[in-house]
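Q: Let's have the full structure, built from the sequences with the hints guiding it.
Numbered per this note's numbering, the sequence shown spans residues 1 to 421.
To be clear, the hints were calculated from the coordinates, so they are not data collected in a lab.
All residues carry an ideal CB built from backbone N, CA and C; glycine is no exception.
Some clues are possibly wrong.
[Claimed, not checked] Label pairs and their in silico Cβ distance ranges:
{"#": "1", "residue 1": "Pro421", "residue 2": "Arg358", "range": "26 to 32 Å"}
{"#": "2", "residue 1": "Gly14", "residue 2": "Ser207", "range": "19 to 25 Å"}
{"#": "3", "residue 1": "Arg405", "residue 2": "Arg311", "range": "56 to 62 Å"}
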Amino acid sequence: AFGRPVVAFLNALGVTAGALGNHEFDWGQDSLRARMRELRSPILGANVTYADGRDVPWIPDDTLVELSGVRVGIVGIADPATPRTTMPRNVADLRFAAPASVVRDRARALRARGAQKVILVAHLGGFCDRDDADRCNGAIFDLARELGPDVLDAIVSGHTHSQVSTVVNGIPIVQARLSGRAVGIVDLPLDGRGAPPARPVVRVVESDRIVAETDIAGIVAGAMDAVADRLSAFVVENTELLPRDGDQYALGNLIADAQRAAGRGDVAVMNNGGIRTELRAGRVVWWDLFELQPFGNRLVAVQMRGSDLRRYLEGLVGGNGVRFHVSGLVAEFDPNAPAGSRLRRVTLAGGTPLDDRRTYRVVMTDFLASEGEGVRIPAGMTVEEVDVVDLDAMIAYLRALPSGRLVPSDALRAPRLRRLP
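A: If you want it as structure tokens, here you go:
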């Protein structure tokens, strides 16, 4: 439904404003604009412009509202990394600027219009230590340090699905995890300006203690009933939980294997960011796999010489952590070596070494082939449409397993992008 039930849900909640996130672009700008027209509250992106610097008229920068007699200005920003975390072609005509100066200008303008408080809603996050709520790192905290309490009274953060309840540079910052699992609360007294701000609170939602709202339950039921037969279709019996844990795990290898099979490839590459949940043990239905891979990315096959594949693999292991899974090969690398020279050995399925002169068929999603996750395929490569959606590839692979059962092997659990000691 391209987000229609979510819009109905947000309208029923009476949300005042939100920030433009990377996944809002997953179905393209036309679908996003349609959902924004249906939503009764604005979705803000003050740091989003066209590539030539012009303002995007359908993306508002801010809003000024009156809440319980208080005039509150709200600025919204999108993550500058959005072109790497959604389908790049969907935002090719847009630019996502560094937010500090934009926020400063919009906050100043809102106060000139009478805002008594200015709040930033930001699709930009970070992480705080579980045992010390004030030991935090990430982009949202860096932004707070650039701004200060004379610019903002509070920040509502998002994107990293983390729990944040801290004060940085005099600005309270809150992020209430993900998917409605918690509620963030920030107290902003009108008087006492200059006093230390109160620490925000994140309260976990105990779903077994909540009575469903009739109108919300109706929205959910209507959306689910429309696709109930597909959602409940049996796919496979899974003999054990496959968690999404660490940077190399059996579930990621399984997805890469499924895509290599669907694309008839020598090698396949899957990004960890596209793996959205664990795979539970027991009866697995279509809905379980949709939760796992919800983006509907299409598979492509890229013809690469061995030397080009080697350079591409260098890109996969070139950052501070490995964010990919592969199928059809094992690559050993030294994480302490300089980026670009970390690979030590690449062995293909069957134990043969990578041949720099041979051409290999490398299967990946169109997201990765479009420089998603920031790793570019070598220039001049031939890219072939496989005409299979990633979710369908996974379903077909699992349904083809003997006896309709998934029994993870030790080989499936073994890391394929292997750090050398």
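Q: Has the hinted range 56 to 62 Å been met by the Cβ atoms of arginine 405 and arginine 311?
A: Check failed, 39 Å falls outside 56 to 62 Å.
Q: Is it true that the C-beta distance of proline 421 to arginine 358 lies inside 26 to 32 Å, as the hint says?
A: With a Cβ separation near 30 Å, proline 421 and arginine 358 satisfy 26 to 32 Å, so the hint holds.
Q: With 19 to 25 Å as the target window, see if glycine 14 and serine 207 comply at their CB atoms.
A: holds (20 Å)
The earlier numbered hint that this structure contradicts is number 3, and it is the only one.
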